[in-house]
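**Q** One letter stands for each residue in the lines below.
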Amino acid sequence: MRHILSLLLENEAGALSRVAGLFSARGYNIESLTVAPTEDATLSRMTIVTTGSDDVIEQITKQVNKLVDVVKIVDLNEGKHVERELMLVKLRAVGKDRDELKRTADIFRARVIDLTEKTYVIELTGTGDKLDAFLEAIDRALVLEAVRTGACGLGRGEWIVKA
Amino acid sequence: MKLSDVPQSASLEASGNLLSGAEIVCHAMKAEGVEFVFGYPGGAVLVIYDEIHKQNHFKHILVRHEQAAVHAADAYARATGRPGVALVTSGPGVTNAVTGIATAYMDSIPMVIITGQVPTYAIGQDAFQECDTVGITRPCVKHNFLVKDVGELAETIKKAFFIAKTGRPGPVVVDIPKDVSMARAPFLYPGTVEMRSYRPTNKGHSGQIKKAMQMLLSADRPMIYVGGGAILGNASAEVTALVRMLGYPCTNTLMGLGAYPSTDKQFVGMLGMHGTVEANMAMQNCDVLIAIGARFDDRVIGNPTHFNAGNPTRKIIHIDIDPSSISKRVKVDVPIVGNIKDVLDDLIGQLQSAEQKPGNIAAWWKQIEEWRAKDCLKFKQSETIIKPQYVVQKLWEVTKGEAYVTSDVGQHQMWAAQYYGFDKPRRWINSGGLGTMGVGLPYAMGCKFAFPDADVACITGEGSIQMNIQELSTCKQYGLPIKVILLNNRYLGMVRQWQEFFHGNRHAESYMEALPDFVKLAEAYGHVGMKIEKPGDVEGALRDAFAMKDRLVFLDFQTDQTENVFPMVPGGKGISEMILAEDL
Ligand SMILES: Cc1ncc(C[n+]2csc(CCOP(=O)(O)OP(=O)(O)O)c2C)c(N)n1
Ligand SMILES: [Mg+2]
Chain A
1 MRHILSLLLE
11 NEAGALSRVA
21 GLFSARGYNI
31 ESLTVAPTED
41 ATLSRMTIVT
51 TGSDDVIEQI
61 TKQVNKLVDV
71 VKIVDLNEGK
81 HVERELMLVK
91 LRAVGKDRDE
101 LKRTADIFRA
111 RVIDLTEKTY
121 VIELTGTGDK
131 LDAFLEAIDR
141 ALVLEAVRTG
151 ACGLGRGEWI
161 VKA
Chain B
1 MKLSDVPQSA
11 SLEASGNLLS
21 GAEIVCHAMK
31 AEGVEFVFGY
41 PGGAVLVIYD
51 EIHKQNHFKH
61 ILVRHEQAAV
71 HAADAYARAT
81 GRPGVALVTS
91 GPGVTNAVTG
101 IATAYMDSIP
111 MVIITGQVPT
121 YAIGQDAFQE
131 CDTVGITRPC
141 VKHNFLVKDV
151 GELAETIKKA
161 FFIAKTGRPG
171 PVVVDIPKDV
181 SMARAPFLYP
191 GTVEMRSYRP
201 TNKGHSGQIK
211 KAMQMLLSAD
221 RPMIYVGGGA
231 ILGNASAEVT
241 ALVRMLGYPC
251 TNTLMGLGAY
261 PSTDKQFVGM
271 LGMHGTVEAN
281 MAMQNCDVLI
291 AIGARFDDRV
301 IGNPTHFNAG
311 NPTRKIIHID
321 IDPSSISKRV
331 KVDVPIVGNI
341 KDVLDDLIGQ
351 LQSAEQKPGN
361 IAAWWKQIEE
371 WRAKDCLKFK
381 QSETIIKPQY
391 VVQKLWEVTK
401 GEAYVTSDVG
411 QHQMWAAQYY
421 GFDKPRRWIN
431 SGGLGTMGVG
441 LPYAMGCKFA
451 FPDADVACIT
461 GEGSIQMNIQ
471 ELSTCKQYGL
481 PIKVILLNNR
491 YLGMVRQWQE
501 FFHGNRHAES
511 YMEALPDFVK
521 LAEAYGHVGM
531 KIEKPGDVEG
541 ALRDAFAMKD
551 RLVFLDFQTD
561 QTENVFPMVP
571 GGKGISEMIL
581 AEDL
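Sequences listed follow chains A and B, in order. Each residue of the first sequence is one higher than the one before, counting from 1 in my numbering. Each residue of the second sequence is one higher than the one before, counting from 1 in my numbering.
No lab work stands behind these hints, which were simulated from the structure alone. Remember, predicted model here, so these are calculated numbers, not experimental data. For each residue, glycine too, the CB sits at the ideal point set by N, CA and C. Check each hint, because a few of them may be wrong.
Unchecked claim - Cβ pair distances, simulated, as ranges:
#, chain 1, residue 1, chain 2, residue 2, range
1, B, R329, A, N29, 17 to 25 Å
2, A, D106, B, R196, 41 to 49 Å
3, B, K378, A, N29, 34 to 42 Å
4, A, A41, B, S218, 52 to 60 Å
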């Protein structure tokens, strides 16, 4: 099953490679991984999307927790949570495609954030499914390139992941 | 440039209250009560060596290869329980040390390894003797640090020792660039460190301990399975008290030997790939299993599917300091995370005050005695050829079971584990997890430094001993009267055994041709060498060797080339599927 793991780790050089190295050394899947410092500059917040049976996820959580730089790991699937991913897509936008793409973007509440005579760069946030759906809704031949951040997530309501 | 223009490190003498990084390293060692630093010098650590030269708080031991420095420090830790310390230079010093570090990591040995690094400004430039030490060692350390600011050096070393010895212990690397060793900072060595990201649990959950107690008391076919964690956690006395109090059978893993006395009747022998019939059968057929500081690894329970499928109703209690060891290979019913000593203290306390007493397990003991009656460690003695098992038995007699015994890896290691009756913890020093050939001699050095008055024997093979034979020179330099017990079968015996069983007896590269004359070799290093070829000479040779209190004696026992280790569970099989000597 797909799980979304939220980690707080010391904002130290090499902390990311410890987590990434653990996943590759133990053969765990990483579907996506995002990391950046947050409101507390001494900490980085990482979100990892992974898949595995309950036993595997339990092992992942325990192994990650054992890393000395990791302050906390929470499996967001254990409660209600929200998740979002950001995608930027560069599209070939000429002739009748130009309006058509704009309309589709509007339906998805996506925004055009850069345009030239022949291209659009579109910004879209949502769940991974929504981003996939957008890519399916447009003519694939028009996609010049795309980049996605991978998911990040938070627990709903009063559920707070803190150091 | 004249030599006098070259800045001399003597000018690094303390100025005011500021100490150089190198001095900070030495002061930190003193503060940690370090007795020995095992190491080898080189460019990136010269400044540190210069400070070592000026101090007399700890002794530096100069080995002949960095791998041996780490192994010796590792053995010091295994034998004493205190962290071992090694010091190596950057680049090749570090890469040579990696085998030692990985060996210590697999067996959870507390160590601090100080490595030199090129100056901070040269990092990333492919500088001479630069390597990414933090990157190379990351997967085989508990933690590692690159110190970029001398102001953080003291606290980092404090953290390194704290991390190495608390929780599930392990090696910690502190990588110190040369300019950091030379830069100055005030020396403030913290008494304690707090790390929000590292807080090992010690106390076990009392509710879980109660559940464990009830499960144990209601068992009909109980089994107590004790691993290296009990030794690392200094819980041997508690293990022994628990086993005696319950009257249940107890087995130790290869790493746990000595946690419960081997010569006691409740001890059913070591379990696992080369475990006894009674230990493996009891492990497979018990109804309640308590695992204490053990991790159900492949060499112990064989195939986990078979282990479970053969006995799906078996209930398992697992005590370990490391939550990730619990339910990793085998699902357990009552997990207890905590320091083994503390958890067992609680468990024993609860048992003492419980109304219920352990049930009558006479039927189970009867079954175990039947298994034991197979006498699976029996071997055919010979009048003409030395049996390796016999040498180990005699060694046990001659040393009265009191020696520190180190081993290398191979058949000789298994015979040492099977035939030397370890009654005390921290006396059996071997590489269980990584299975590193070449540890034996440096392990013996570490033990001898720790306990200069004790008998120290290194049981080895002619393959393994040659992987760190250069340390005979270190032994000469420091006058270490180790007894090297070479079980010389002129084969990479364990490899040959597998080839015999699983590869059509084709001896692909397992024959040791062109062996040196070990007697002359020992003599060349300044030691005593003996070659023993007849069974009748074994005991006398051992007695003579141990009588030479101040000499290293290298005993080359010419043993039976075709002997195999039994029982044996073939890889991937279940532990009750043993091949016995009598089957062949
Ligand atoms: C560094 C290393 N390389 C290879 C091996 C694989 N290996 C395991 S046992 C063994 C043979 C050891 O031969 P020897 O030291 O003569 O011991 P014996 O089995 O003959 O007692 C080998 C090659 C190992 N364990 N360690
Ligand atoms: Mg051999």
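**Q** Are K378(B) and N29(A) spaced within 34 to 42 Å by their CB atoms?
**A** violated (50 Å)
**Q** Against the range 17 to 25 Å, how does the distance between the Cβ atoms of R329(B) and N29(A) compare: consistent or not?
**A** Given about 20 Å between the Cβ atoms, the range holds.
**Q** A range of 41 to 49 Å was offered for this pair. Does it hold for the Cβ distance of D106(A) and R196(B)?
**A** About 46 Å separates the Cβ atoms of D106(A) and R196(B), which means 41 to 49 Å holds.
**Q** The hint says 52 to 60 Å between A41(A) and S218(B); measuring C-beta to C-beta, is that right?
**A** holds (55 Å)
Hint 3 alone, counting from the list given before, is not met by this structure.
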